[in-house]
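K.L.:
What follows is the residue order along each chain.
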Amino acid sequence: MSKRVLNPMGYPPEIIQLGMAPRPETLENKTVYLVDCRFDDSDLLLGQMQDWFNEHMPSVRTVLKSKSGVHTEKDPALFQEIKERGDALVLGVGH
Amino acid sequence: MESEYGVPTASLQTSIFAPALRAVARTHGMPHLRYVYVPQPVMGKSPEELRAYVDGNDPITGRPVMEEVIEALTRPLSEEEQQQVRFDRSTPRYVEADTEADLQQTFMDSGWTDYLPIVLPTEERVEAMLAGTRHAPDEVVGRMRPTSTREAWQYTVEKVAVNAVMAGARPAYFPAILALAASQVTARGSTTSSTANMVVVNGPIRHEIDMNWGIGAMGPFNHANATIGRAYGLLSQNLQGGSEPGMTYLGSQGNGYMYNSLTYAENEERSPWVPFHVQHGYAPEESVVSIFTGVRSTAYNLGVRKTYWKTHVRNMLLGVHPYLMPTLVLDPITASQFVDRGGFDTKEKLIHWVHENATMPAKIYWDYQLVQNYIYPRALNGVEPWASMLAADPDELIRVYPLDRIHVVVVGGETNGYWRIMGGGYAKSVSIDDWR
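Which chain is which? The protein sequence lines are A and B, in order. Taking my numbering, the leading residue of the first sequence gets 1, the next gets one more, and so forth. Taking my numbering, the leading residue of the second sequence gets 1, the next gets one more, and so forth.
Calculated from the structure, these hints are not laboratory results.
Covered stretches of chain B (in silico footprint by chain A; criterion: 3 or more residues with CB under 8 Å from a CB of chain A, positions within the stretch not fixed):
#1 25-33
#2 44-54
#3 62-72
#4 121-135
#5 144-155
Bear in mind the structure is a predicted one, so any value in this text is a computation, not a measurement. Yeah, the Cβ is synthetic: ideal placement off N, Cα and C, and Gly gets one too.
Could you build all of it, start to finish, from the sequences and the hints given here?
P.N.:
Take a look at the structure:
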């Protein structure tokens, strides 16, 4: 015999798709921030990435920084600094 | 950074999280966020191994990691990536009608169960559950999410009732289940650390619905304990939008405590101290649920010995991870022994002793990975008491647990004086009476 039952799932919020930032044509002579989100030795991996840039793309200026607070928190002061002084960002490593 | 600050970003992640990250990015309105993956894990790898990650290939795409980093930062945006659109999602009120056996399978296949058979939430059963409260079916109870960085889903009294029926709960339990839902504290946290919750019920409702606070209270031996706890788990996973391994649940090992969130009543009658809810500002005649989160580790012992009890308890406290907060779960026999041995005639005095005696050298404390991830950054930002702890010399003994994060609950049937320390912290209490 067929039964009708109620759906147990809650109600999802609306999704608003956000725009992405325009890209530079090249990273040559640009400043790339490498930001450690403070999760499980991320800073060590980004340090290796910084070495890679120094060896392979020496015109790229890299700035390695750890964000303030835990990985789930925003860091407005650093984000503003990157907006003003940086051209691109590599953020990691997290989940 | 992409949308708010306008900075081109490459998000560097480990490959195990790829499906979950795509889902999170989509619900945050960034479906085209550019990811680059390295192998899991990063933690504990040598500089040489990490350099090999950088020089190597993305495990998802097979392409060189640094080629992808440069491409993520420089490839022009496609038309699709530049779009700003909004779209609604909805949840139908009903599941398509089917036979009982097929509906059981549908619920399981949809990830709506805990893989045990459920009671199908027919309209008649949900209506009967709703009779357990004076609140209207369409009243919004709250919003819940698997973790702070994920989207929160909303739910009504009726949605909570559907999950309560599925768990096999009775209408008389519904106010307690609604109070748990109103806490907005999920029992299905998505953390990789395989956390579980613990629920303690206080007040007259313990008697009204025949809860167990005696022999076997924390085990599968009481209908109310079992189904209230199960309902809390089911409503968490369904009302927050899922708890799917690899997507919305990432606990590496999982946790058996999640089956009913260790739900029991406090043994107020045999405790030498005031009940837990009274400690937290409620009147003794109020009925209250209290939720503890982050429950993973358990240290246990028998009794409180005359000569070396202090050393025994200190040893137990060292077995609780210093990032977790200790909750002492005491059989009434042990609670009375603590009164006799230590003169702890209030819970607060016992808590103070734990605070003073749970110590370790500062350099050991700060080296724990979880402390590095979650406490050290806060200490750097001046958050107390950790900022002061950070000022300690490396060999100085520091008090690991802040005074206000140590808790004591009394439960058990006095068949013996076994007791435990649960590594898990108190999150919130909610009035059950408000949901009658």
